[in-house]
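Protein sequence lines correspond, in order, to chains A and B. Per this note's numbering, the first sequence starts with residue 185, numbered consecutively. Per this note's numbering, the second sequence starts with residue 185, numbered consecutively.
Please note that the accuracy of each hint is not assured.
A pair holds if it fits inside one copy or across any two, identical chains being indistinguishable in the list.
Stated by the list, open to error - Here are the simulated lysine to aspartate or glutamate pairs, EDC-like style, with alpha carbons at most 20 Å apart:
1) K399 - E618
2) K267 - E520
3) K267 - D383
4) K343 - E205
5) K552 - D572
6) K343 - D215
7) K343 - D220
8) K524 - D215
It is worth saying that the hints were derived from the structure and are not from the lab.
There are 2 protein chains.
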Amino acid sequence: MQRITVVFILFLISHLLKAQEPAKVLSSVFDEALTDRTAYNNLEYLCKHTKGRIAGSAAAEKAIEFTRQAMINAGADTVWLQKVPVPHWIRGVERCSVTSSVSGKKELAITALGLSVGTDEQGITSKVVEVHDFEELKNIGLQGIQGKIVFFNRPFDNKLINSFAAYGGAVNQRTVGPSEASRYGAIAVIVRSMTQSLDNFPHTGVTRYADNVNKIPAVAVSTLDAELLSQWLKTDPSLTVNLVSTCRNYPDTISYNVIGEVYGSLKPNEYITVGGHLDAWDIAEGAIDDGGGCMQAIETIRIYKKLGIKPKRTVRVVLFMNEEMTTTGGKTYAEEAKRKGEIHYAALESDRGVMSPLGFSFDTDSLKLEKLRSLTSWFAPYNIRDFDKGGGGSDIAPLKALGALQIGYIPDSQRYFWYHHSANDTFEQVNIRELQMGSAAIASLIYLIDLFDL
Amino acid sequence: MQRITVVFILFLISHLLKAQEPAKVLSSVFDEALTDRTAYNNLEYLCKHTKGRIAGSAAAEKAIEFTRQAMINAGADTVWLQKVPVPHWIRGVERCSVTSSVSGKKELAITALGLSVGTDEQGITSKVVEVHDFEELKNIGLQGIQGKIVFFNRPFDNKLINSFAAYGGAVNQRTVGPSEASRYGAIAVIVRSMTQSLDNFPHTGVTRYADNVNKIPAVAVSTLDAELLSQWLKTDPSLTVNLVSTCRNYPDTISYNVIGEVYGSLKPNEYITVGGHLDAWDIAEGAIDDGGGCMQAIETIRIYKKLGIKPKRTVRVVLFMNEEMTTTGGKTYAEEAKRKGEIHYAALESDRGVMSPLGFSFDTDSLKLEKLRSLTSWFAPYNIRDFDKGGGGSDIAPLKALGALQIGYIPDSQRYFWYHHSANDTFEQVNIRELQMGSAAIASLIYLIDLFDL
Chain A
185 MQRITVVFIL FLISHLLKAQ EPAKVLSSVF DEALTDRTAY NNLEYLCKHT
235 KGRIAGSAAA EKAIEFTRQA MINAGADTVW LQKVPVPHWI RGVERCSVTS
285 SVSGKKELAI TALGLSVGTD EQGITSKVVE VHDFEELKNI GLQGIQGKIV
335 FFNRPFDNKL INSFAAYGGA VNQRTVGPSE ASRYGAIAVI VRSMTQSLDN
385 FPHTGVTRYA DNVNKIPAVA VSTLDAELLS QWLKTDPSLT VNLVSTCRNY
435 PDTISYNVIG EVYGSLKPNE YITVGGHLDA WDIAEGAIDD GGGCMQAIET
485 IRIYKKLGIK PKRTVRVVLF MNEEMTTTGG KTYAEEAKRK GEIHYAALES
535 DRGVMSPLGF SFDTDSLKLE KLRSLTSWFA PYNIRDFDKG GGGSDIAPLK
585 ALGALQIGYI PDSQRYFWYH HSANDTFEQV NIRELQMGSA AIASLIYLID
635 LFDL
Chain B
185 MQRITVVFIL FLISHLLKAQ EPAKVLSSVF DEALTDRTAY NNLEYLCKHT
235 KGRIAGSAAA EKAIEFTRQA MINAGADTVW LQKVPVPHWI RGVERCSVTS
285 SVSGKKELAI TALGLSVGTD EQGITSKVVE VHDFEELKNI GLQGIQGKIV
335 FFNRPFDNKL INSFAAYGGA VNQRTVGPSE ASRYGAIAVI VRSMTQSLDN
385 FPHTGVTRYA DNVNKIPAVA VSTLDAELLS QWLKTDPSLT VNLVSTCRNY
435 PDTISYNVIG EVYGSLKPNE YITVGGHLDA WDIAEGAIDD GGGCMQAIET
485 IRIYKKLGIK PKRTVRVVLF MNEEMTTTGG KTYAEEAKRK GEIHYAALES
535 DRGVMSPLGF SFDTDSLKLE KLRSLTSWFA PYNIRDFDKG GGGSDIAPLK
585 ALGALQIGYI PDSQRYFWYH HSANDTFEQV NIRELQMGSA AIASLIYLID
635 LFDL
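So here's chain A without its partners, still in its complex pose (with noise of 0.2 Å):
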């Protein structure tokens, strides 16, 4: 009898030790997070010596091998390269001239969108139809259309809060609005800049054409010199652009996704994925967009084997390769998941930048959210409490028919596409707090849903 009292006395204080585990561990990651500059020191590194690291550059080379080492150095158990396919395009000159007989000439900050086609040397010269939305293209029509260059210009709606819906009602313009203009029979396509800012940077970013369509070169302008095109064209409809944009698209080449994990103690076949991904647009160092993302996720590795976290499911640092272009770093990471016959329990993304943290976003049932909501309270001290139904990223969404739960890191959104896509995506734009702060709330959720298997 008496044995059995101490027995039950043992089992309930290291029950009780155990239900203050979590609060103790959190606090840990976070003192451990805002206390060490390894992943700040390796973000600037990465945007100033690989800078323009889009997929199948010899900066994305560079930037492979570098954070191959960092997470060796972060201690994980296993580090490896795995074989993407990728697209080979280049950006060439560019240049952007409007004349008009009444207000005159004047140069606009352009840059081509991702995997458009080019023009020559000489480029193109032409009319300027401004449009806003498919709706008014598809009501001028082929006569007003024909021959000419089509402007999207309609702006982010600012009354929006979250960012990325002002950005997911106007990015359409992007992606195939090339494709919409060239079915009336546009020879090029100018895009206003997908951003809220009122600035001369150029926000690039991947345009998808059609099947059936005639691939017209297609660019995106400031949105400074797009409201003073917008001006000028209400003074003078017959102005003409001149637009140079000589990229091209080259055969597929190969690159990679870096992998590192920390092996699972107790299902170490079971895997949890945390990544973000390691291209960047060529016009930009990747510094939000998402080098931060990439050197949070690795951020896992060092803290957990720093502070001796032994998660009982393997997680997994996967830096994807591509995620501007084709996302094949994603599918084929989830391809080869699939092959191996791999359990993928969860899967994180860090892609919306890396400002302070609210929460995450989680792209499941209202049953497995509220479970889930039951961790926030972990989370209260350091003001992260956003748990919603949300995606995950474009990366991890492949894992979703392997069952890994998505989810995605949500930092403050307001300043975000200030930088997305553009020269202004630099080092400098990041805090270092803020990064710290992501990289403790992502490890911390990682340790928490492995833990309370949700």
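Chain A is already provided as a structure; the job is to place chain B on it using the hints.
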């Protein structure tokens, strides 16, 4: 009977409409704030044309006239200036070099502390004693400190989530440090800049000499140079520093609070004060501290007038002068309110930066706080959720004695101290959407508190 039914139905309808009203009003407030650039453009003017507007300066005079006009343009029912006595402190030549027989010679990035006394043009040359707190100072004592320069080098505690808590844990080195060092015979003080950032901006701020001590020159050194000085001291404790800071205190002068009102429709003699402080450190543009706060306060007038919001009580926007040195703007405002027997219902200050809003702090009891928290549901669409116990702001603190509920506007704090009191506090550091979100939050809260008599 029929008539009673009709009246009842009308009452019910009006009641139902009224219950919806706050949601609609807040929606229109946010729409207006997020689609108007007046505050942002005015902030740019304030930063670029009244830079360094410390109380008593010509720049401050210019800022007073500019914001008076901005309040008129915003549609204030009345605008006036309130006379405020202010100190008159002027920075001089400042230079600091360290000479070590081991490490060589180096210029350090320094800035005189506000209200500090100066040196002559040759400056002070002396050995340096590094300390981290007043206990250490005491332990070293008169013998070790007499005739030397004391170097306070306690960094922010990076483990603290709220940056203002980290500031609170370090700032006594600046405010009280020079007096404390003087008690032990120190001849000057160098304080590590009040920031988590590792960079080369020195951060100024006021120091307050105790009455019974010899006033000694005091400067702040950039964090990177603080680290360097500390390193050099380790290998050469006998190194010397030459410190020149020819700042001077002149006789007090006169400046002004800028005040604009939206008259109350039901209780015009009850006041709700909404404020920021107009003065800024002489080395800064004062965008974050606190030009942005002033512009947000003026937005309350502009938005109410634009949307036809008629508060029951008079909303008084006050741009306080001289917050940075001796807070005479706030003191004078409260004194005059008391003298006139004004009823002050509530007071809100925006002086914690203009990053994305988290919520508000209220200096009140738990019961009242619970009532105030009933308002959070109206803010849910805007992700504004923190209604916590806490201070209002140093300018409105004297109104507490008059019974005014003290409210502080709380934006995200992570990057605030990168700018605070330094030349890095520039217009470019402000994101228009973050500024606008704060304006909307403030105008909305004031509307709700007035509407529901909270």
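Comparing the hints with the structure gives:
no. : hint        : result
1   : K399 - E618 : neither (41 Å within a copy, 39 Å between copies)
2   : K267 - E520 : within (10 Å within a copy, 74 Å between copies)
3   : K267 - D383 : neither (39 Å within a copy, 40 Å between copies)
4   : K343 - E205 : between (43 Å within a copy, 19 Å between copies)
5   : K552 - D572 : within (11 Å within a copy, 30 Å between copies)
6   : K343 - D215 : between (37 Å within a copy, 5 Å between copies)
7   : K343 - D220 : between (38 Å within a copy, 10 Å between copies)
8   : K524 - D215 : neither (38 Å within a copy, 51 Å between copies)
The structure fails to meet hints 1, 3, 8 from the earlier list, while all remaining hints are met.
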